[in-house]
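Working from the sequences, and respecting the hints, build out all of it.
Those protein sequences? They're chains A and B, same order as listed.
The opening position of the first sequence corresponds to residue 1 in the UniProt record's numbering, with each subsequent residue numbered one higher.
The opening position of the second sequence corresponds to residue 1 in the UniProt record's numbering, with each subsequent residue numbered one higher.
No lab work stands behind these hints, which were simulated from the structure alone.
There's no promise every hint is true.
[Claimed, not checked] Heads up, simulated EDC-like pairs for lysine to aspartate or glutamate below, C-alpha to C-alpha not over 20 Å straight-line: (1) A:K288 - B:E246; (2) A:K307 - B:E7; (3) A:K336 - A:D417; (4) A:K373 - A:D417.
[Stated by the list, open to error] What the simulated footprint calls covered on chain A by chain B, stretch by stretch (three residues with Cβ under 8 Å from a Cβ of chain B suffice, anywhere in the stretch; the number is not a length): (5) 132 to 144; (6) 286 to 298; (7) 321 to 334; (8) 421 to 433; (9) 438 to 449; (10) 480 to 489.
[As the list claims (entries may be wrong)] Away from chain A, derived, C-beta distances all over 12 Å, residues of chain B: (11) E42; (12) G54; (13) N208; (14) S239.
Every value quoted in this text rests on a predicted model; they were computed, and no experiment measured them.
By construction, the Cβ of each residue, glycine as well, lies at the ideal position given by its N, Cα and C atoms.
The lines below spell out each chain.
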Amino acid sequence: MGILNPTKPPCSSLFSTHFLKPTLLLNSKIVRLKPQIHTLYTTTTTNNRSRLSVTIITCGKLKTSKEIKNKDNKASGKIILSDSAPPVVSEESGGGGGGGNGEKVPVKTGTGALGFLKRLPRKVLAVLSNLPLAIGEMFAIAVLMALGTLIDQGEAPQFYFQKVSRRESFLGILHLEVGSHPRIPLAKVARRWNYLHSADAIRKQEFSDNLPRASVQDLGVILMGAGYEVFLKGPSLYAFKGTGWSVFPYWGDVLGPSGFLSTPTEAFNTEVHVNKFYMDYYDGGDIKQFHTDLSLFDLNGKEVMRKTISVNDPLRYGGITVYQTDWSISALQVRKNDEGPFNLAMAPLKISGDNKLYGTFLPVGDVNSPNVKGISMLARDLQSIVLYDQEGKFVGVRRPNSKLPIDIDGMTIIIEDAIGSSGLELKTDPGVPVVYAGFGALMLTTCLSYLSHSQIWALQDGTAVTVGGKTNRAKGEFQYEINLLLDKVPEIVESSLPKQSDVASG
Amino acid sequence: MIFLTLEHILTHISFSVVSIVILIHFLTLLVNEFVGLYDSSEKGMLTTFFCLTGLLITRWIYSGHLPISDLYESLIFLSWIFSIIHMVPYFKKHKNYLSTITAPSTFFTQGFATWGLLTDMNQSKILVPALQSQWLIMHVSMMVSGYAALLCGSLLSAALLVITFRKVIRIVGKNNNLLNDSFPVDEIQYMMEKRNILKNTFFTSSRNYYRFQLIQQLDHWGFRILSIGFLFLTIGILSGAVWANEAWGSYWNWDPKETWAFITWTIFAIYFHTRTNKNLEGLNSAIVASIGFLIIWICYFGVNLLGIGLHSYGSFTLIS
Chain A
1 MGILNPTKPP CSSLFSTHFL KPTLLLNSKI VRLKPQIHTL YTTTTTNNRS RLSVTIITCG
61 KLKTSKEIKN KDNKASGKII LSDSAPPVVS EESGGGGGGG NGEKVPVKTG TGALGFLKRL
121 PRKVLAVLSN LPLAIGEMFA IAVLMALGTL IDQGEAPQFY FQKVSRRESF LGILHLEVGS
181 HPRIPLAKVA RRWNYLHSAD AIRKQEFSDN LPRASVQDLG VILMGAGYEV FLKGPSLYAF
241 KGTGWSVFPY WGDVLGPSGF LSTPTEAFNT EVHVNKFYMD YYDGGDIKQF HTDLSLFDLN
301 GKEVMRKTIS VNDPLRYGGI TVYQTDWSIS ALQVRKNDEG PFNLAMAPLK ISGDNKLYGT
361 FLPVGDVNSP NVKGISMLAR DLQSIVLYDQ EGKFVGVRRP NSKLPIDIDG MTIIIEDAIG
421 SSGLELKTDP GVPVVYAGFG ALMLTTCLSY LSHSQIWALQ DGTAVTVGGK TNRAKGEFQY
481 EINLLLDKVP EIVESSLPKQ SDVASG
Chain B
1 MIFLTLEHIL THISFSVVSI VILIHFLTLL VNEFVGLYDS SEKGMLTTFF CLTGLLITRW
61 IYSGHLPISD LYESLIFLSW IFSIIHMVPY FKKHKNYLST ITAPSTFFTQ GFATWGLLTD
121 MNQSKILVPA LQSQWLIMHV SMMVSGYAAL LCGSLLSAAL LVITFRKVIR IVGKNNNLLN
181 DSFPVDEIQY MMEKRNILKN TFFTSSRNYY RFQLIQQLDH WGFRILSIGF LFLTIGILSG
241 AVWANEAWGS YWNWDPKETW AFITWTIFAI YFHTRTNKNL EGLNSAIVAS IGFLIIWICY
301 FGVNLLGIGL HSYGSFTLIS
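Pasting the structure below:
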């Protein structure tokens, strides 16, 4: 049976359905039209009003044959009875796929709880697909991101907590932060992993000691002399000694796996070995590209892969990607008066992008005296080393490997080699294919939104036809075009019902 | 050396021609429209286009890579895109209001590139290791094209806003006049005044009709150019993400430039969403697009001024 308007007494509705059933069936079989409205007037004694309009909407719009068969049995055409004037536009309910035009769709009240459950996602969807909400969300995201660029990113969580909780020392901390790591690019923050920055953390080591009135640089030189590989960065020092390392040490970001998708550590039973690190130069002496020759060994010591990587050309093996991200100069091998060779650790003096400057210092005379003097050596790349004497005067430039001696203050210095270090980044990210699929989908939908798509609705209302339409592109032209089309619709002089339905279908 | 001289000549020719075109535009504004002058200004833009093309090609041959690797080159590229946008409707014989936006835009970008802060920046530089990739062409050209188209579109929207609000002010002004003039000295003068007012109202109503049409046109063209720009921006950001995954090891680093590009993208996504809603259409979308104008400049220029993050290639060398 059809859905009844509850305000009406049942007798009249029964009357009207019986009255109109044949036409209803006929309509649903033959015509696939927009809803048609038949209006008739009856008088009832049960109602105080003398006149009442009964509106019956038959729906025959784009039904499948199966649905039409069902309709024959159940006669599920909708019949709405109302006191007021018939509604101008009323879409059919649920099944027809008309996509309700913002109209309230009468929902079948079947089993209560199940129906509610069915309705709930739709409600949620309706809330979520609310356009102003979406726009508001996007605005919020944009504003938050803009704010985010104003706050220093990539600091340790403590930094922010301190900032919030100890407001009085806010400026102090900020000043300290700026002073200690001036403008470290975001990607490099993780690289401080190797260094311990707090004295407490160092004191927690198995051995710890405190040296008053000492310089970390001196310690570095001493450790270097003892055969350690020394890494200096600002006030932090990291040194190691071991046999398992090749001449060219590699350092990089070994970040623990984060994120629920990453389970790489067991799978990657591979040893990464750096065979060679070298740079290409332009004719002007600027660095063109830097390469690292990598070998991957499995647990049995068999080489499984070998590739020379460079920036923009990473190595991929078993879900792991090895990137060439950075380079630096770790040490100079220097011979002094045919003694040595000594390894002098190079400290970065200036790092901004690819303009780097490294320096080291060879102390002359008593190392323990308070104002120790010595020879300074500066290098921009692995090509040439600039030497300055004790007074800071320029002495000369030497290339590593040239074995050409240089005399400074009575000493003969030979620069044996410059040891570069390659900055590698090992990464595993199983999410990349998903993200790329998302990129593809975004591209596709962006392109699809350029396809023009216009919809027109029309409704026969007595002798009048109501036409509505919308489009996603060229709205002004669409209006103009529709106006032109509507001007062509012939005017009906003799009103007759079948003709009207023809117009409505057009 | 020949290349440098050629480059110098081409830069100055293009800038002078654009200046002349702007002058012609102002002349046609002040004096009644001369068809001949309009045509000559179009020819001027064509000359500019060819000069800029020549400039870019010269630079490409000279430096050996696509000349959009720093700020100066990207500015030249931007004005080249502006001149292309200017050309397209001209060849389709479709006069519209885009030309009034693109010509001054070309003038300003070209002027800024030719002199100003960047005199020592226009030496062609070598390509740093991270930029040596095929993705450079795709990413940077798409981004700059996107910026150019979005700038044009948002300027059209800003023009729409100006015209809309100016209308309101005009009407208020007219009402004041009415009040002042509505104290007639005698009957005849009153009648004349009335006739005048009638004439005025008729005139303004027809004028309002034209204004309405102008607003419609601006809206329409703004939407079109913005949708092209949005497509370019999307391609640019996505290709940049793929490239970053090749070079830096992550497709998204939340670097300031990336973040601001995403903000720009979001703002214009909001613009297109407001367009789909009938209640928010028109003025609201124009406001959003005008906000977008500022955001693009922050993204394109402001982040470079700071010179931080991974995209520091385009920053001012004076500061760093």
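Hint-by-hint comparison with the structure:
1. A distance of roughly 18 Å separates the Cα atoms of A:K288 and B:E246; the hinted pair therefore holds under the 20 Å criterion.
2. A hinted pair counts as satisfied when its Cα atoms are at most 20 Å apart, and A:K307 with B:E7 does not qualify at roughly 41 Å.
3. With a C-alpha separation of about 13 Å, the suggested pairing of A:K336 with A:D417 holds against the 20 Å cut-off.
4. Proposed proximity of A:K373 and A:D417 is contradicted: the alpha carbons are some 23 Å apart, above 20 Å.
5. Figure legend: the region 132 to 144 of chain A, annotated as covered by chain B; annotation consistent (7 residues with Cβ-Cβ distances under 8 Å, at least 3 required).
6. Against chain B, the region 286 to 298 of chain A contributes 5 residues with a C-beta closer than 8 Å to a partner C-beta. That satisfies the three-residue criterion, and the hint holds.
7. For the region 321 to 334 of chain A, the assignment as covered by chain B holds, since 3 residues bring a beta-carbon within under 8 Å of that chain's beta-carbons and 3 suffice.
8. Only residues whose C-beta sits within less than 8 Å of a C-beta in chain B count toward coverage, and the region 421 to 433 of chain A has 4 of them, enough to reach three; the restraint holds.
9. Check on the region 438 to 449 of chain A: 6 of its residues sit with their Cβ under 8 Å from a Cβ of chain B, so the three-residue criterion for coverage holds.
10. Check result for the region 480 to 489 of chain A against chain B: violated, 0 residues qualifying (beta carbon to beta carbon below 8 Å, three or more required).
11. For B:E42, the shortest C-beta to C-beta distance to chain A comes to about 25 Å, beyond the 12 Å cut-off, and the non-interface label holds.
12. Distance to chain A confirms B:G54 as a non-interface residue, since its nearest Cβ pair spans about 26 Å, more than 12 Å.
13. Every beta carbon of chain A lies more than 12 Å from that of B:N208, the smallest distance being close to 17 Å; the non-interface claim holds.
14. In this structure B:S239 is not separated from chain A by more than 12 Å, as the shortest Cβ-Cβ distance comes to only about 9 Å.
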